[in-house]
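Engineer: These are the residues of each chain, in order.
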Amino acid sequence: MSTDPKFEFLCRMGDNALVLGHRVSEWCGVAPVLEEDIALANVALDLIGQTQLWLGLAGEVEGAGRDADKLAFHRDVWDFRNVLLVEQPNGDFGQTMMRQFLFDAWHLAQLTALIDSSDKEIAAIAEKSAKEVTYHLERSSDTVIGLGDGTDESHRRMQAALDLLWPYVGEMFLGDDVDAAMVEAGIAPDPASLRAGYDQLVGDTLAAATLTKPDDDFAHKGGKSGARHSEHLGHMLTQMQWLQRAYPDATW
Amino acid sequence: MSSPESSEYDGTEAAPHGKARSTEWPLWEIFIRGQHGLSHRHVGSLHAADAEMAIKNARDVYTRRNEGVSIWAVQASAIAASSPEEKGALYEPANDKVYRHPTFFDIPDEVGAM
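Those sequence lines, one after another, are chains A and B. 1390 is the number of the first residue of the first sequence in my numbering; add one for each residue after it. 22 is the number of the first residue of the second sequence in my numbering; add one for each residue after it.
What the hints contain is simulated information worked out from the structure, not anything from laboratory work. It cannot be assumed that every hint is accurate.
[To be verified] Okay, derived cross-link-like pairs now, BS3-like style, lysine-lysine, Cα gap no bigger than 25 Å in a straight line:
#, chain 1, residue 1, chain 2, residue 2
1, B, Lys108, B, Lys118
2, A, Lys1517, B, Lys77
3, A, Lys1520, B, Lys77
4, A, Lys1395, A, Lys1517
5, A, Lys1610, A, Lys1395
6, A, Lys1395, A, Lys1520
Take the sequences, apply the hints, and build the full model.
Structural biologist: Now the structure itself:
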């Protein structure tokens, strides 16, 4: 394994998009209404497209002959660098949209900061992705408000989703050596610097949704460092990677 | 086979027969302008809770392949439509009035396609 911090950073960006993209794609054909089904599939496709860019660049930076497909389909759980939030199961539709909102709010802030990256390729990927994610956030925040401030049942489900997922929010803002190296090189922002804006946005949205943010800021961690993923990621990868596992190096 | 009314599971929230579920979203007709200068064209319909959501859903359902630069959403119930039964009175009187078509003029070549 490469220990180049830039490679690690690119894997984190790519794996977030890949794992969430796959999770969202699991709704294809079974979403509550046709319009949401198509919208979710569009979001999933946007994220998979972003994955190709991030992991493609990661492969180039690593210089070991691995392309985006190799990185996506030939690594096992411990080599993934996504935050724990995105690997959490879909649950009901409300839980999926709450996870999407909590991630989108961070994702857009991160991409917006990356547009000013000292690395031109990273800045270009961020600029393209930010347009897509702006729409993702608009959609997910509207849904969180609509369902949170909806019926008794939808409110109850959204509050339960928030209570369940809130402990996975903190990890997105925890910095480590990789982040410090990125800050030093002017490539990426300090994760902690995004927290104030995030809390403002999420606080406003949750207030409009009549939802109560949990007091406890305990944060599960270990996803972006790869130290300890939740048990859900391994199960997801057996689905996502089964073809390459069953027929190694199969092509179209 | 027992009908839901006589079912022992009468505590469920099943909708009564014959009524639209109260959770059903209104129907919207969607119009999209393909490029600047052209007019909006009807492309289909969809369900949405409100106008804003109708625009978002239209964006996802009907502009995935770069079809449009502008979306209109109109709630289907707000559209007034002519009745098919009146088509005789409405349209047939125009059949024998060919002089209403501008086919009796010679158009100069310089004008080009019209």
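Engineer: Run every hint past the structure and note whether it holds.
Structural biologist: A quick look at each hint next to the structure:
With a C-alpha separation of about 17 Å, the suggested pairing of B/Lys108 with B/Lys118 holds against the 25 Å cut-off. Pair hint A/Lys1517 plus B/Lys77 holds up; C-alpha atoms about 20 Å apart against a cutoff of 25 Å. For the proposed pair A/Lys1520 and B/Lys77, the alpha carbon gap of about 15 Å is at most 25 Å, so the pair holds. Distance hint between A/Lys1395 and A/Lys1517 is fulfilled; the C-alpha atoms sit about 20 Å from each other, no more than 25 Å.
Distance check on the hinted pair: A/Lys1610 and A/Lys1395 sit about 20 Å apart at the alpha-carbon level, within 25 Å; holds. Note on A/Lys1395 and A/Lys1520: the hinted pairing holds, with a Cα-Cα distance of about 24 Å set against a maximum of 25 Å.
Comparing the model with each earlier hint shows no violations; every hint is respected.
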